[in-house]
Amino acid sequence: DAKTTQPPSMDCAEGRAANLPCNHSTISGNEYVYWYRQIHSQGPQYIIHGLKNNETNEMASLIITEDRKSSTLILPHATLRDTAVYYCIVRAYSGAGSYQLTFGKGTKLSVIP
Amino acid sequence: DGGITQSPKYLFRKEGQNVTLSCEQNLNHDAMYWYRQDPGQGLRLIYYSQIVNDFQKGDIAEGYSVSREKKESFPLTVTSAQKNPTAFYLCASSSRGQGETQYFGPGTRLLVL
Numbered sequence: 630d631a632k633t634t635q636p637p638s639m640d641c642a643e644g645r646a647a648n649l650p651c652n653h654s655t656i657s658g659n660e661y662v663y664w665y666r667q668i669h670s671q672g673p674q675y676i677i678h679g680l681k682n683n684e685t686n687e688m689a690s691l692i693i694t695e696d697r698k699s700s701t702l703i704l705p706h707a708t709l710r711d712t713a714v715y716y717c718i719v720r721a722y723s724g725a726g727s728y729q730l731t732f733g734k735g736t737k738l739s740v741i742p
Numbered sequence: 361d362g363g364i365t366q367s368p369k370y371l372f373r374k375e376g377q378n379v380t381l382s383c384e385q386n387l388n389h390d391a392m393y394w395y396r397q398d399p400g401q402g403l404r405l406i407y408y409s410q411i412v413n414d415f416q417k418g419d420i421a422e423g424y425s426v427s428r429e430k431k432e433s434f435p436l437t438v439t440s441a442q443k444n445p446t447a448f449y450l451c452a453s454s455s456r457g458q459g460e461t462q463y464f465g466p467g468t469r470l471l472v473l
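Line by line, the protein sequences are chains A and B.
Under this note's numbering, the first residue of the first sequence is numbered 630, with each subsequent residue one higher.
Under this note's numbering, the first residue of the second sequence is numbered 361, with each subsequent residue one higher.
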């Protein structure tokens, strides 16, 4: 699976949009971009994933560049409860129903009152 | 309420003792996984199972054992052979029917006395 690069930390004011970048310049054509977050001492929480097109769900939006070498996770109105470590992961669809997720160190997002 | 449960939340192990961590899911997922997380680090795969009565070693299987006798259960035993067991243990599951997205349990923190 392709390697990702994320800034180690970011701050965001409460109520503002949080934009978390991720570089994945070696991504292959069949690899998806996944985002998870982990609040301290809890299990990782799935946020969103995409292949080529931008995606939106109730939690966030995922913007993938046309060349697919980078992406941005957008939390439209950050709250204090969004303070967490955010992980960007790329992986191929295995078709076998199981695969290994490779978590890096992620971005620690701090939402400030 | 559908999801993945892990118990206990905290577990203490004495030197030379085997301990078993529980993981149960009612999501009807075929695949289940065990990861280990050390402070400030990403997750590392210990074992995974694609179907009942079958499982494969991950990157750090030494000192651990698993069983998959039922689809909904995937217990992990930390044996006395695991010399550095203190960590946060995370169980996950996935299904082809849900795009293979892995969903995680709340985790078990294992401490050695």
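In short, the hints are calculated from the structure, not lab data.
No residue lacks a Cβ here, since even glycine has one placed at the ideal position from N, Cα and C.
Where hints are given, some of them may not hold.
Here are some of the chain A residues that sit facing chain B, going by a computed Cβ distance under 7 Å [to be verified]: (1) Cys641; (2) Asn659; (3) Gly672; (4) Ile677; (5) Gly679; (6) Asn682; (7) Phe732; (8) Gly733.
Which bits of chain B does chain A cover? Going by a derived footprint, with three or more residues having C-beta under 8 Å, they are [what the hints assert, rightly or not]: (9) 375-386; (10) 428-438.
Evaluation of the provided hints:
At about 22 Å, the closest approach between the beta carbon of A/Cys641 and any beta carbon in chain B exceeds 7 Å, and the interface hint on this residue is violated. Interface hint status for A/Asn659: violated, as the beta-carbon distance to the closest one in chain B is roughly 13 Å, over 7 Å. Annotation: interface hint on A/Gly672 holds; nearest CB of chain B at approximately 4 Å, less than 7 Å. Violation of the interface hint for A/Ile677 is found here, the shortest Cβ-Cβ separation to chain B being roughly 10 Å, above the 7 Å cut-off.
Taken as an interface hint, A/Gly679 does not check out: its beta carbon lies about 11 Å from the nearest beta carbon of chain B, beyond 7 Å. Hint status for A/Asn682 relative to chain B: violated, with the closest Cβ pair at about 14 Å, above 7 Å. Annotation: interface hint on A/Phe732 holds; nearest CB of chain B at approximately 4 Å, less than 7 Å. This hint holds: A/Gly733 has a C-beta 5 Å from the nearest C-beta of chain B, less than the 7 Å allowed.
Closer than 8 Å: that is the beta-carbon criterion, and the segment 375-386 of chain B has 0 residues meeting it against chain A, so the requirement of 3 is violated. For the segment 428-438 of chain B, the assignment as covered by chain A is violated, since 0 residues bring a beta-carbon within under 8 Å of that chain's beta-carbons and 3 are needed.
Hint compliance for this structure: hints 1, 2, 4, 5, 6, 9, 10 are broken, all remaining hints hold.
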